[in-house]
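Student: Given next are the chains, with one letter for each unit.
Protein chains: 2
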Amino acid sequence: MPASFFYARMRFVVVAVLLLVSLQAGDDAAEAADEANEKPPKVVSVMATGYTAGVESTGKRPGHPQYGITKSGVKVRRSKVSTIAADPKVFPLGTVLFIPGYGYGCVADTGSRIKGKKIDLYFPSTRQVFQEWGKKTVRVQVVRWGKGKVTEAMLDSMNEVVAAQQDFSTKIFDS
Amino acid sequence: MPASFFYARMRFVVVAVLLLVSLQAGDDAAEAADEANEKPPKVVSVMATGYTAGVESTGKRPGHPQYGITKSGVKVRRSKVSTIAADPKVFPLGTVLFIPGYGYGCVADTGSRIKGKKIDLYFPSTRQVFQEWGKKTVRVQVVRWGKGKVTEAMLDSMNEVVAAQQDFSTKIFDS
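For the protein sequence lines, the chains are A and B, in the order given. 1 is the number of the first residue of the first sequence in the UniProt record's numbering; add one for each residue after it. 1 is the number of the first residue of the second sequence in the UniProt record's numbering; add one for each residue after it.
Mixed in with the good hints there might be a few duds.
Identical chains blur together in the list; that is why a pair holds if it fits in one copy or across any two.
[What the hints assert, rightly or not] When the alpha-carbon atoms are kept at most 20 Å apart in a straight line, the in silico SDA-like pairs for lysine to any residue are as follows:
1) 75 / 138
2) 135 / 125
3) 75 / 88
4) 117 / 153
Hints listed in this document are in silico derivations from the structure and should not be mistaken for laboratory results.
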């Protein structure tokens with residue numbers, strides 16, 4: 001191989017790798033640059049969950065004097081700009097965020113679990129949290145095809161197999 | 001540029017592009033090949049949501065004779081192999097799936113909304129669905145920074161602004 005060709009090819013590889021790395025790093029770099037300049041970042045990665053005014057999220061049941069009332073005093077709402085919960089040290093009350101897949105949210109609430117870069121998105125019902133936020137496309141692996149029935153004994157066997165970290169065997173389940 | 005170098009470089013570019021394309025297409029190709037051979041596919045993309053035995057998911061309250069009982073007759077369980085719901089035309093009862101982020105699930109239940117390539121993952125509580133399944137990392141955009149308070153009037157203004165598809169203006173909210 002001529003040396004000139006070797007170096008030309010190496011240069012191409014280096015440029016291609018740098019391009020790929022810069023494409024991947026672009027978003028993070030923009031965020032880091034914002035922070036380095038001590039300007040408030042415009043885009044922030046957060047962990048987002050859904051919540052309702054109900055007892056499973058807030059500990060309050062309908063009839064409680066504070067039911068549906070956020071930390072800021074306003075009522076929860078799901079509208080063009082909904083109420084959301086955040087850590088006020090990260091996003092002070094009154095901060096408006098645009099959340100992909102949810103819409104605009106105004107920080108009006110706080111929560112004992114909502115610390116740091118976490119936000120809680122208000123939905124009027126549990127079903128809406130399940131259907132509108134807790135929806136994910138996943139690639140599932142078919143471990144075995146069923147034959148149309150399940151019994152407690154089959155489930156017990158499967159659990160024993162997995163607990164023992166054995167391979168799935170058709171014989172065990174079809175007894 | 002010598003012609004031989006040009007063709008050598010072109011060949012390298014073509015190989016690199018083909019490699020990238022094949023890496024991206026690999027998973028889908030495997031799935032398509034499975035279907036073309038009419039063998040049951042081993043990996044399937046599905047839309048997965050969470051559910052509980054509770055009234056918001058099943059319409060049944062504790063005390064109902066069928067509370068916590070799946071279509072197959074077995075009780076719901078969250079264990080090494082949990083009970084899940086699917087469309088029996090896609091995944092017959094008894095099918096075992098491995099679901100990333102959840103674990104093994106045995107199809108034991110069905111649901112009126114669970115048709116086609118959809119599955120419903122059983123969790124013992126609403127809170128667990130919210131915290132363990134309905135958790136997403138999202139990149140949120142800070143539309144405006146708050147000053148520590150929110151009022152109903154501020155929320156109303158924000159909603160009017162967004163409804164009218166105007167730009168966010170600091171003046172409107174800080175009145």
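Student: Since the copies are identical, ignore which copy is meant and state whether residue 75 and residue 88 lie within 20 Å (CA to CA) inside a copy, between copies, both or neither.
Tutor: Answer is within; shortest intra-copy Cα gap is 18 Å, inter-copy 43 Å.
Student: As a check of your reading, is residue 117 near residue 153 (CA-CA no more than 20 Å) within one copy, between copies, both or neither?
Tutor: neither (44 Å within a copy, 27 Å between copies)
Student: I want to check one pair: residue 135 and residue 125. Are their C-alpha atoms no more than 20 Å apart within a copy, between two copies, both, or neither?
Tutor: The answer is both: 15 Å in one copy and 17 Å across copies each meet 20 Å.
Student: Taking 20 Å as the upper bound on the Cα-Cα distance, should residue 75 and residue 138 be classified as within, between, both, or neither?
Tutor: For residue 75 and residue 138, neither the intra-copy (35 Å) nor the inter-copy (25 Å) Cα distance is at most 20 Å.
Checked against the numbered hints given earlier, this structure breaks hints 1, 4; the rest are met.
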